[in-house]
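Asks: Going down the list, the sequences are from chains A and B.
Using the numbering used here, the letters of the first sequence correspond one by one to residues 24 to 607.
Using the numbering used here, the letters of the second sequence correspond one by one to residues 24 to 607.
Think of the hints as simulated: they come from the structure by calculation, not from any bench.
C-beta: ideal position from N, C-alpha, C; glycine also.
There's no promise every hint is true.
Unchecked claim - Distance windows between CB atoms, simulated: (1) Tyr592/B to Arg47/A: 28 to 36 Å; (2) Gly454/A to Pro476/B: 44 to 52 Å; (3) Leu38/A to Glu525/B: 32 to 40 Å; (4) Pro476/A to His46/B: 49 to 57 Å; (5) Ile559/A to Leu213/B: 52 to 60 Å.
Stated by the list, open to error - Far from chain A, by Cβ distances over 12 Å, these chain B residues were calculated: (6) Ala197; (7) Lys235; (8) Lys241; (9) Asp294; (10) Leu385.
Number of protein chains: 2
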Amino acid sequence: MPTSTSHSSKLASHLPTWMQHYHRDWLTGDITASLIVALLLIPQGLAYAQLAGLPPMAGLYASIGPLLVYGFFGSSMTQSVGPMAITSAMTAAALAPLAAAGSTQYLILAATLTLLSGLMLTLFGAFKLGGITRILSLPVIQGFSAGTALLIALGQTGSLLGTSWRGDTLLTLAINLPSALHHLQLANVLFGLIGLTLMWLAATPASQLLVKLGMSDKAAQLAGKILPLLVMIILGILLAGFDSAHRIKTLGQLPAAHFASSELKGIGTLDLSSLQSLLLPALLIGLAGFLQSITVAQSIAAASHQSIDANRELLALGNCNLAAALVGGMPVSGGFSRTVVNTNAGAQTPLAGMLSALWIVLALWLLLPLLAFLPQALLAATIILAVSRMISVEQLRLAWQFDPRDGLAWLMTFSGVLLLGPMLGIALGVGIAIALYLWRSQQPHVAVIGRVPNTEHYRNVLRHRVDTTLGILAVRVDENLYFANIANVLVQINAQLANYPESRQLLLVLSAVNSIDYSAVNALKDWKKTLSEQGITLHLAEVKGPVLDTLRHGDLLDQLAHAPFISTYAAMQTLCPPELDYSI
Amino acid sequence: MPTSTSHSSKLASHLPTWMQHYHRDWLTGDITASLIVALLLIPQGLAYAQLAGLPPMAGLYASIGPLLVYGFFGSSMTQSVGPMAITSAMTAAALAPLAAAGSTQYLILAATLTLLSGLMLTLFGAFKLGGITRILSLPVIQGFSAGTALLIALGQTGSLLGTSWRGDTLLTLAINLPSALHHLQLANVLFGLIGLTLMWLAATPASQLLVKLGMSDKAAQLAGKILPLLVMIILGILLAGFDSAHRIKTLGQLPAAHFASSELKGIGTLDLSSLQSLLLPALLIGLAGFLQSITVAQSIAAASHQSIDANRELLALGNCNLAAALVGGMPVSGGFSRTVVNTNAGAQTPLAGMLSALWIVLALWLLLPLLAFLPQALLAATIILAVSRMISVEQLRLAWQFDPRDGLAWLMTFSGVLLLGPMLGIALGVGIAIALYLWRSQQPHVAVIGRVPNTEHYRNVLRHRVDTTLGILAVRVDENLYFANIANVLVQINAQLANYPESRQLLLVLSAVNSIDYSAVNALKDWKKTLSEQGITLHLAEVKGPVLDTLRHGDLLDQLAHAPFISTYAAMQTLCPPELDYSI
Numbered sequence: 024m025p026t027s028t029s030h031s032s033k034l035a036s037h038l039p040t041w042m043q044h045y046h047r048d049w050l051t052g053d054i055t056a057s058l059i060v061a062l063l064l065i066p067q068g069l070a071y072a073q074l075a076g077l078p079p080m081a082g083l084y085a086s087i088g089p090l091l092v093y094g095f096f097g098s099s100m101t102q103s104v105g106p107m108a109i110t111s112a113m114t115a116a117a118l119a120p121l122a123a124a125g126s127t128q129y130l131i132l133a134a135t136l137t138l139l140s141g142l143m144l145t146l147f148g149a150f151k152l153g154g155i156t157r158i159l160s161l162p163v164i165q166g167f168s169a170g171t172a173l174l175i176a177l178g179q180t181g182s183l184l185g186t187s188w189r190g191d192t193l194l195t196l197a198i199n200l201p202s203a204l205h206h207l208q209l210a211n212v213l214f215g216l217i218g219l220t221l222m223w224l225a226a227t228p229a230s231q232l233l234v235k236l237g238m239s240d241k242a243a244q245l246a247g248k249i250l251p252l253l254v255m256i257i258l259g260i261l262l263a264g265f266d267s268a269h270r271i272k273t274l275g276q277l278p279a280a281h282f283a284s285s286e287l288k289g290i291g292t293l294d295l296s297s298l299q300s301l302l303l304p305a306l307l308i309g310l311a312g313f314l315q316s317i318t319v320a321q322s323i324a325a326a327s328h329q330s331i332d333a334n335r336e337l338l339a340l341g342n343c344n345l346a347a348a349l350v351g352g353m354p355v356s357g358g359f360s361r362t363v364v365n366t367n368a369g370a371q372t373p374l375a376g377m378l379s380a381l382w383i384v385l386a387l388w389l390l391l392p393l394l395a396f397l398p399q400a401l402l403a404a405t406i407i408l409a410v411s412r413m414i415s416v417e418q419l420r421l422a423w424q425f426d427p428r429d430g431l432a433w434l435m436t437f438s439g440v441l442l443l444g445p446m447l448g449i450a451l452g453v454g455i456a457i458a459l460y461l462w463r464s465q466q467p468h469v470a471v472i473g474r475v476p477n478t479e480h481y482r483n484v485l486r487h488r489v490d491t492t493l494g495i496l497a498v499r500v501d502e503n504l505y506f507a508n509i510a511n512v513l514v515q516i517n518a519q520l521a522n523y524p525e526s527r528q529l530l531l532v533l534s535a536v537n538s539i540d541y542s543a544v545n546a547l548k549d550w551k552k553t554l555s556e557q558g559i560t561l562h563l564a565e566v567k568g569p570v571l572d573t574l575r576h577g578d579l580l581d582q583l584a585h586a587p588f589i590s591t592y593a594a595m596q597t598l599c600p601p602e603l604d605y606s607i
Numbered sequence: 024m025p026t027s028t029s030h031s032s033k034l035a036s037h038l039p040t041w042m043q044h045y046h047r048d049w050l051t052g053d054i055t056a057s058l059i060v061a062l063l064l065i066p067q068g069l070a071y072a073q074l075a076g077l078p079p080m081a082g083l084y085a086s087i088g089p090l091l092v093y094g095f096f097g098s099s100m101t102q103s104v105g106p107m108a109i110t111s112a113m114t115a116a117a118l119a120p121l122a123a124a125g126s127t128q129y130l131i132l133a134a135t136l137t138l139l140s141g142l143m144l145t146l147f148g149a150f151k152l153g154g155i156t157r158i159l160s161l162p163v164i165q166g167f168s169a170g171t172a173l174l175i176a177l178g179q180t181g182s183l184l185g186t187s188w189r190g191d192t193l194l195t196l197a198i199n200l201p202s203a204l205h206h207l208q209l210a211n212v213l214f215g216l217i218g219l220t221l222m223w224l225a226a227t228p229a230s231q232l233l234v235k236l237g238m239s240d241k242a243a244q245l246a247g248k249i250l251p252l253l254v255m256i257i258l259g260i261l262l263a264g265f266d267s268a269h270r271i272k273t274l275g276q277l278p279a280a281h282f283a284s285s286e287l288k289g290i291g292t293l294d295l296s297s298l299q300s301l302l303l304p305a306l307l308i309g310l311a312g313f314l315q316s317i318t319v320a321q322s323i324a325a326a327s328h329q330s331i332d333a334n335r336e337l338l339a340l341g342n343c344n345l346a347a348a349l350v351g352g353m354p355v356s357g358g359f360s361r362t363v364v365n366t367n368a369g370a371q372t373p374l375a376g377m378l379s380a381l382w383i384v385l386a387l388w389l390l391l392p393l394l395a396f397l398p399q400a401l402l403a404a405t406i407i408l409a410v411s412r413m414i415s416v417e418q419l420r421l422a423w424q425f426d427p428r429d430g431l432a433w434l435m436t437f438s439g440v441l442l443l444g445p446m447l448g449i450a451l452g453v454g455i456a457i458a459l460y461l462w463r464s465q466q467p468h469v470a471v472i473g474r475v476p477n478t479e480h481y482r483n484v485l486r487h488r489v490d491t492t493l494g495i496l497a498v499r500v501d502e503n504l505y506f507a508n509i510a511n512v513l514v515q516i517n518a519q520l521a522n523y524p525e526s527r528q529l530l531l532v533l534s535a536v537n538s539i540d541y542s543a544v545n546a547l548k549d550w551k552k553t554l555s556e557q558g559i560t561l562h563l564a565e566v567k568g569p570v571l572d573t574l575r576h577g578d579l580l581d582q583l584a585h586a587p588f589i590s591t592y593a594a595m596q597t598l599c600p601p602e603l604d605y606s607i
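One chain only, chain A, in its complex shape (with noise of 0.2 Å):
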């Protein structure tokens, strides 16, 4: 290893990777995927800070900083940080409650959420709690997405007809539904649906066309993200050359600066239990967005063989909420869709995401005026399309053909997200990942197993033609001894003891216990107790190495007859010598 001194080699050594080893080749995939993702990025950021009630810019901001910052600190090369659905989406239910939509207390607060949240991130990456959404089952993620989709595209239907069709839940948005009916005007409904069916077209039907007519796969999924984009513009310049009347509403004239740093001073003005009452929402933010983002970073390494490093990434995405919270104000995480172009436009390091805010950053300054003409209900309908994706019954389907409690586990999110909101249903997706596994492990399977003829084998009797001898019950236990499942597993082995009643000796098989814990055992000992009051003797055989070594803490093996036997075999042979075997 080659050891320099002097001081720009050190600091260049504490520099990303990628910019130490920059290759000039690099630079062409980097510039042209860093204009497209801009060019992407500026109606999502404008459409997205809408979403979660703070004023468009907030989104254009909250882009520039987690950019920059994302290219120090990620492990990705290619993943693209800005605000996203689910989070701005989780941002306005969180909120809420606390203030109203746009006013000061609602800018600091969101500011504050941000910055919590993306302390409490980079707080789990310095701990090295990478695993934490381990705690989220793949349905519960799937419901919480799908039933997360549905209520943004739902919301955001208003916007595109026109009316103010609000609500956190189905049950605010049905109660608000007849008085949005009521203010449905032909136009605003006629310009919503046309805008949104030519920009649907413009996507996956185009880019499919596309492919048809040559164009390769990427460069037609790339044409299928821009095509949308240029709908937008050429409606926008067609209302604001015809509807003089201005019954479409547009984003209208933009403030020039819009920085959240000024909002944070506020949060001295907040008192403690506001500060209190944003705590969960935080946690709760920065997980479905480290949750989006560690998905997105890993199924992008996946294809192109880099390998993410889950702490890194959650510092990561904590810097970048914090640099949010400095310059925007809102929440970011990673974004599938907008990392996807990145990857496919020819990003090859996060120089491209840092060249985008370098973009936003020039059209902010030079096309300012411009974004006033963007029709409301375009950027509504931008936001529909991106969620549309992410509703699907397919995977209810697959699920619940697996196994239904999964599937249930997948529909009670789901609801759970429609009815109660994003924020809580995310909570309770938790509880319910755990009591489904919990669950699943209350009703273990034994089996009284005897032995297949003339091998040393041994095998449930249900299942197969073995011999069991008399006198001498075999039982094996398939799952973990632990206190929630001890009591079921005693009842059915009391149940089998009932069915063979002549037995005088039971065998134990724990070749599929892979732990025991203090309260099982504790429930074994008592239970050992009333079995020698019947004049049963308790023998275990084919306990793993660290099952054993969890026993040799308590003082269960000393009270055994005879040392745990290394298998069903050897015991079957101490305990019924051959010479007496008389099987049945």
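Following the hints, complete the assembly by docking chain B onto the known chain A.
Replies: Same frame as chain A, now just chain B:
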């Protein structure tokens, strides 16, 4: 089976079995036990009612109803139901934030809490949720009991020494300590300490002495329960004679009647938010009470070969609490020490309990004026002696020695109770027990296995001298595969693949995997793709019946190059035929 058509027989057939077949021989035992238990219940009822923040008489009335009801619904022959220390302390903790102790509002809330708790338990019983207490692990139960007992004992020290030292948690107790110390008076302190010492001597040491003097164990144990009462009565009489200045506080004149049914009428005056805030406490008190009852019933039943039906006990305790809500207005549960007394005093059937209720009614009628002379300090001593046996550091040592994680759960629940009170403490305990189990299963044991020479057995290469085959890596996973651990499992297997870089075939041996969930299967499928890209083929062996059934619902099996192998040996035979075997 004889068919009976007469009306009285029909009615009788609805009575509990013990009533239908009551045997004359049982009567002596039942009557003796009933007298002794009534004698115990009177001071305990008075003391626990005060612990719950209620008028002393509430405890006596709350003893009568449940004893009569349990006889009809319970499955334990000698369970003694009534006010108990832990549920009383939880009642106080639940109601303290809602109303001032002793106020009418407080009485109404207590009766309502009891009613809700009874309804919940009855409902759980109807839905056969007798297994509900299994969500608590042994260390959590022990830590909860020890912490609550310590809190109760500390809190009662105030009454014992004649000050008004009070507090729900260690913190409030500490804050109130200086002022309590300031109000200490020598006469009170001496009387309290002497009373406690004498009552303690009259308990365990006296009964040990009696055994040495030749008394039977059971009789001595009973004497150890009755003698402290005698001490209390004698001290009360002495006090009445000599303390003319009334420096030592006595119970004072009690009202003749205290029926909670009149308070229950006040439910109508409660607002919805008060009712809502009682729901969780009612659930937790019901849970703690049932936990205590079922533990007592089962330990007594095991010794006397009765069988206890958890669901029937749940129904019985639910009905007992409904009765308590009507007549006493405070929650009841089975009590360990009283049940042991009842059993040892010769109780044969629940008739003993029903007779106890009768004696208490008689005592209320005849002896009420005499109760006025009972010193408050000695009621506190009764409580302190009752709960002190639950504070055991030995339990912590045993749990810690078995597994530091179990010790940690004990300690965390114990500290949780001390810092947050018994109410939040038990809720915390449920969380800790579950988190501990998940933590265990998150760190799975993954072993590379090799063939024990000249056998068909495969064992861990690190623990045994075995042969491995170049190009084929056999890995055994010793844990169920599910959302929270699948990522860790794959990381470990990838690390082993890096250790054996020449591997082209990977054999996963699933002999210790008892279940696999949807998240895990999907992660395996993604991982299989990554392996394929690296030129590694995945195989499965020793998949258990139930796991195989689950896997058939997904498409993982279809994607495998070979159907799962019946054994590791069979897999090795197929993947590397003996003639090609070049074992290293």
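Asks: Failing hints, ascending?
Replies: Of the numbered hints given earlier, the structure breaks just one, which is hint 1.
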